[in-house]
Amino acid sequence: MGLGSIVKIFMPKDKVFYSLFEEVATNLSNMSDLFIKAVKEEDVSKRVELLKSLEEWEHKNDIVTHKIFVELGRNFITPFDREDIHYLATALDDIADFMWGSAKRMINYNMSEIDTITVGFARIIHDAVKLLNTGVNELRNMRDLRAVTEVCVNVNSLENEGDDLLDKGMMELFSSKIEPVEIIKKKDLYQMLELVTDKCEDAANVIESIIIKYA
Amino acid sequence: MGLGSIVKIFMPKDKVFYSLFEEVATNLSNMSDLFIKAVKEEDVSKRVELLKSLEEWEHKNDIVTHKIFVELGRNFITPFDREDIHYLATALDDIADFMWGSAKRMINYNMSEIDTITVGFARIIHDAVKLLNTGVNELRNMRDLRAVTEVCVNVNSLENEGDDLLDKGMMELFSSKIEPVEIIKKKDLYQMLELVTDKCEDAANVIESIIIKYA
Amino acid sequence: MGLGSIVKIFMPKDKVFYSLFEEVATNLSNMSDLFIKAVKEEDVSKRVELLKSLEEWEHKNDIVTHKIFVELGRNFITPFDREDIHYLATALDDIADFMWGSAKRMINYNMSEIDTITVGFARIIHDAVKLLNTGVNELRNMRDLRAVTEVCVNVNSLENEGDDLLDKGMMELFSSKIEPVEIIKKKDLYQMLELVTDKCEDAANVIESIIIKYA
Numbered sequence: 000m001g002l003g004s005i006v007k008i009f010m011p012k013d014k015v016f017y018s019l020f021e022e023v024a025t026n027l028s029n030m031s032d033l034f035i036k037a038v039k040e041e042d043v044s045k046r047v048e049l050l051k052s053l054e055e056w057e058h059k060n061d062i063v064t065h066k067i068f069v070e071l072g073r074n075f076i077t078p079f080d081r082e083d084i085h086y087l088a089t090a091l092d093d094i095a096d097f098m099w100g101s102a103k104r105m106i107n108y109n110m111s112e113i114d115t116i117t118v119g120f121a122r123i124i125h126d127a128v129k130l131l132n133t134g135v136n137e138l139r140n141m142r143d144l145r146a147v148t149e150v151c152v153n154v155n156s157l158e159n160e161g162d163d164l165l166d167k168g169m170m171e172l173f174s175s176k177i178e179p180v181e182i183i184k185k186k187d188l189y190q191m192l193e194l195v196t197d198k199c200e201d202a203a204n205v206i207e208s209i210i211i212k213y214a
Numbered sequence: 000m001g002l003g004s005i006v007k008i009f010m011p012k013d014k015v016f017y018s019l020f021e022e023v024a025t026n027l028s029n030m031s032d033l034f035i036k037a038v039k040e041e042d043v044s045k046r047v048e049l050l051k052s053l054e055e056w057e058h059k060n061d062i063v064t065h066k067i068f069v070e071l072g073r074n075f076i077t078p079f080d081r082e083d084i085h086y087l088a089t090a091l092d093d094i095a096d097f098m099w100g101s102a103k104r105m106i107n108y109n110m111s112e113i114d115t116i117t118v119g120f121a122r123i124i125h126d127a128v129k130l131l132n133t134g135v136n137e138l139r140n141m142r143d144l145r146a147v148t149e150v151c152v153n154v155n156s157l158e159n160e161g162d163d164l165l166d167k168g169m170m171e172l173f174s175s176k177i178e179p180v181e182i183i184k185k186k187d188l189y190q191m192l193e194l195v196t197d198k199c200e201d202a203a204n205v206i207e208s209i210i211i212k213y214a
Numbered sequence: 000m001g002l003g004s005i006v007k008i009f010m011p012k013d014k015v016f017y018s019l020f021e022e023v024a025t026n027l028s029n030m031s032d033l034f035i036k037a038v039k040e041e042d043v044s045k046r047v048e049l050l051k052s053l054e055e056w057e058h059k060n061d062i063v064t065h066k067i068f069v070e071l072g073r074n075f076i077t078p079f080d081r082e083d084i085h086y087l088a089t090a091l092d093d094i095a096d097f098m099w100g101s102a103k104r105m106i107n108y109n110m111s112e113i114d115t116i117t118v119g120f121a122r123i124i125h126d127a128v129k130l131l132n133t134g135v136n137e138l139r140n141m142r143d144l145r146a147v148t149e150v151c152v153n154v155n156s157l158e159n160e161g162d163d164l165l166d167k168g169m170m171e172l173f174s175s176k177i178e179p180v181e182i183i184k185k186k187d188l189y190q191m192l193e194l195v196t197d198k199c200e201d202a203a204n205v206i207e208s209i210i211i212k213y214a
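Chains as they are written, first to last, in numbering that gives the first Met the number 0: chain A, 0 to 214; chain B, 0 to 214; chain C, 0 to 214.
The shape of chain A in the complex, shown without the other chains:
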């Protein structure tokens, strides 16, 4: 049996990673749509319903992520480096976890007023997740280095915006006469939202490094 035949045997199983990562990217996209819709919803009970609906998606995403790790264990041959699959799956799963974590804080801490900082983060996360979708879909053909570089540059810019927004939020909290308990709650929320943008950047960086290696 020649090398060609061996490659053919492995390729179909190998392709499973693209589909799984695309499924994760779609889940994240749906979550970020729900999240931005929620923070713009004026009606508190409707907003809480929207925020709660993120849990189901986060759970779905856990299952797909687990499948990626199982396939990684099973497959000797992978379409790109094993550690890149590991890093990418972890970063994308963290995005889902921390998006739901942010929603949960808004619910559990009874945050009835949504401030402009939170809305700003929802927009940044939404845009970053859409870019990551493009990036993940580029993995399958591994050709368009320019498109992926653009995704990466833009996600990095969004992450910088997130940093600035966190700084702005914290300065507002400390310069105003807000109750300490409210500061604790909001600081916790802002930091988790900023963490979502960090993980978007991590994911974009892994995608870029995969493309650099194989393009």
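Note that these hints are calculated values from the structure, not bench results.
Please note: incorrect hints may appear among the correct ones.
[What the hints assert, rightly or not] Result set (EDC-like, lysine to aspartate or glutamate): computed pairs, CA atoms no more than 16 Å apart in a straight line:
id: 1; chain 1: C; residue 1: K212; chain 2: C; residue 2: D83
id: 2; chain 1: B; residue 1: K186; chain 2: C; residue 2: D187
id: 3; chain 1: C; residue 1: K59; chain 2: C; residue 2: D96
id: 4; chain 1: C; residue 1: K186; chain 2: B; residue 2: E181
[Unchecked claim] Have a look at the derived ranges for each label pair, beta carbon to beta carbon:
id: 5; chain 1: B; residue 1: K167; chain 2: A; residue 2: E178; range: 18 to 28 Å
id: 6; chain 1: A; residue 1: K36; chain 2: B; residue 2: E178; range: 30 to 40 Å
id: 7; chain 1: A; residue 1: D61; chain 2: B; residue 2: E178; range: 34 to 44 Å
A virtual CB, placed ideally from N, CA and C, is assigned to each residue, including glycine.
Could you slot chains B and C onto chain A? The hints should help.
Here is chains B and C on its own, set in the frame of chain A:
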């Protein structure tokens, strides 16, 4: 010299990883026994003594973990993937660090009353660590995939319980008339306890992925 | 073409990693000089200027770190294990990020009084970064295992000092009659400073493991 002889030469050095990981698992087990005993101890000074005794175990564990990394550097051949050894050693070491970190907070912050949230976490951590012991011991024979899968599923359930307990704890802190300073202290403790359960899950996931590859 | 020729072809590209890591180490050294100078500056506006100047260095460092990852993607042959390059670049970049993050907090939170805890951390970070410079420079010749072990042991001691300083700082915050808002600010700063020392330890550990493998 045939391949068989080469394998024989390497095997004895190779086996050192099993013993070291088992030593770590035993340390963690002892720490979790002390921790649960401490949080159930009514007498404050006796409790503080028990909590303080965790430091020595954490220190012992640092030394064993360092040995694992030294062996990893020295050995070209390892019983399972190098990065899995790295991830597993790191996750188990984090469990020891954060368990001691939690104990230290209870001592340093003069937490004389132990609440039900803390007791709940001590129980979850205790159970997860015992399961990890089973998982680590399974690595040596690499056969019982079902037993390891059960360990992993159960540690994951315990981590979910930990998430819910943190949510419950935070909601209680914010809904009651607790002083801000007390909220800051307890939030810090709860988050570190929850981090211990996260690291138990990380360790279980690495063990599962090792067994999937080799079973 | 013999193996010797192949090695020669690859070596020049391969060497780029040493230069890039040395550049990062020099950046960190400059940052830690500025940081210690800032916390010792009595004049608030001069101090803020010094703290602000860290941002430029952090930005410079991001660019060098990005170059390391690009080279890692491009080069099939690396002077030491790919994952070690990844870990080391990440840990060193985190040092720059969190040093600037600490400076930014001092600016944004209007911390006009610098306490002894903060000065203590600046000194620990400064010393650890100078040791890391020695360690990074040793990578190029990969011979002096003793020198690197000493670096690693000393950085580990400094990280332990950092832990103790954080504990001391937190106990002081909670035992005094400081306003909750001030506690929140200082806790945030101390924890980030302690994170810098953690990342110094991570970097030292990677350097040690590289030297163990190749010395």
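Each hint, compared with the structure:
1. K212(C) - D83(C): This hinted pair holds, its Cα atoms lying about 11 Å apart.
2. K186(B) - D187(C): This hinted pair holds, its Cα atoms lying about 13 Å apart.
3. K59(C) - D96(C): holds (11 Å)
4. K186(C) - E181(B): holds (14 Å)
5. K167(B) - E178(A): 18 to 28 Å: holds (23 Å)
6. K36(A) - E178(B): 30 to 40 Å: holds (37 Å)
7. D61(A) - E178(B): 34 to 44 Å: holds (37 Å)
No hint from the list above goes unmet by this structure.
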